[in-house]
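Trainee: Okay, here's what each chain looks like letter by letter:
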Amino acid sequence: MKIADALEIVSQTNPGMVRSHNEDSIAQELACGLVVLADGMGGYNAGEVASGIAVSVLATEVCQRLQDASPTDRDAASGEELGVVLLRDSIQRANASIFHAAQSQAQYAGMGTTIVAGLFYDNRVVVGHVGDSRMYRLRGETLETITRDHSLLQEQIDGGMISVEDARVSKNKNLVTRAVGIDAEVVPEIHVHDALVGDIYLLCSDGLNDMVEDEDIQSALYAMQGNLPLAAEQLIQMANDNGGRDNVSVILVKVNGEFAVPHGWLAKLSHWFKK
Amino acid sequence: MTAKLILSMDGVVLKEYPLSKERMTIGRKAHNDIVIDNLAVSGEHAAIITILHDSFLEDLDSTNGLEVNGVPTKKHFLQNNDLIEIGKYKLKYVNEQGGQVNPADFEKTMVLRAPAKPAAPGAEKGDATAGAGVIKIQAAPGAKPAALEETGKFDAQQLNPPVAPAAQPAVPAPQAAVVQILTGPNAGKELELVKNLTTLGKPGVQVAVLTRRPHGYFITHVEGASHPLVNGTSLGDQPHRLNDHDVIELAGVKMEFYFKG
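As they're listed, the protein sequences go chains Y and G.
Residues are numbered in this note's numbering as their position in the first sequence, beginning at 1, plus a constant of 51.
Numbering follows this note's numbering, in which position 224 of the second sequence is assigned residue number 220; successive positions increment by one, without gaps.
Treat the hints as calculated values from the structure; they're not laboratory data.
Treat the hints with caution; some may be incorrect.
Okay, derived cross-link-like pairs now, DSSO-like style, lysine-lysine, Cα gap no bigger than 27 angstroms in a straight line [claimed, not checked]:
#1 G:K11 with Y:K222
#2 G:K17 with Y:K222
#3 G:K191 with Y:K305
#4 G:K86 with Y:K222
#5 Y:K222 with G:K25
#6 Y:K222 with G:K198
#7 G:K88 with G:K185
#8 G:K0 with G:K11
#9 G:K0 with Y:K222
#10 G:K70 with G:K25
#11 G:K198 with Y:K305
#12 G:K198 with G:K88
#13 G:K88 with Y:K222
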């Protein structure tokens, strides 16, 4: 099945109940199987600028490259799959763009952004992230976080300093340990997961998971899996009903069919003819 | 605003100690930051580790132990107004950060950077050993433990009243409500709407949800061939607010919604 037929993608972004403007940016490119969500930070409108740059760099870079290459191709230098290399490189390129803009224009000094991106191909999803924007996966009835926040709190949880329950009342929220555009270099965390038919992937900014318990996210996604636009609306509504203290953005990707890349010489030949 | 400990005995305040260092020790011996000269107190009795706005109490294998709010404890994440008891001495933990800081300030996302250049991918902290990130911060030589990059998300919201800490939204729950099934094999059964979202039907087939929101209960059609009826009228795709004693009909089963108590 072609990727555009196999996946259903919906997204929504909302400034929340307290903030006057929205510093989140989102993009969905169904044809190349890419979804990106970024949560910007910085004074005035610099946060929007940073998240906007990140999202557009990823969408352009990844989709352009995939026009004449397959994400399953091996990268000559590293031996890694192109899909993996592409996601990592484009996050690093977004980092460079934001960093340079911040260096060259005073009003953008210090701006940065989190990012979480998913590239779907060949019955898998490559997940790249920096900071505390998350990807969740609903498989069957189980909701799991498949990214791990780059935040002080997560480090404390990992180190056994603080329990997950205590972390909810911590006063050290909103401290990220990695961000895109803050330094000349960034190390994105990249993982590959198998994608099964029926899976629902949720990308969100912390405006969702800080305001809504995982349990409520699970019940909304599970109950509304047959109506993705309603599910997106429900998630945002729950965040806002609980106070909506931050911008809240969600992207939902549902796997409706298999999307294996055809292998073998015949497939390659027919792909070559299609060009 | 720095958190502090207030030392008292028999209701008499003896001294206040601001938690100005990352690690402060409590004990009988003179080299401790908080010295309690009493034989019931061990030489090094306990330590308080403060990381930005959070403080943790740890018993240093003391002979007589310690209690927090009346409960014997080895390790504890301190919350405002916690009472630490060591023998006859009491230490009250005061941290008014959340209440006094304005919400805009409290909300800002900041980047916490290690002072050194980002490490090689191999040394990524995800794979690092327990607490590596934190220890790294503590062990950082010189000046500030870690550069705290404020990339302010300042909004013009500073006049807003302080809000509750995240994930503990001070949203009033609406009045308790129940759905009672009126027809079919389950007639008479009651379903208390204790969750924010209650599913009626089966995902993939026919689903409607009842959502509990601050200003009331709503029913929404999610999927399936037939839309639910409320008091005989078919619902569209929009959420519908439920009133006391509304009759819902879903896939031939009638049920009544009503408020409890």
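Trainee: If any of the earlier hints don't hold here, list their numbers in rising order.
Mentor: 5, 6, 7, 12
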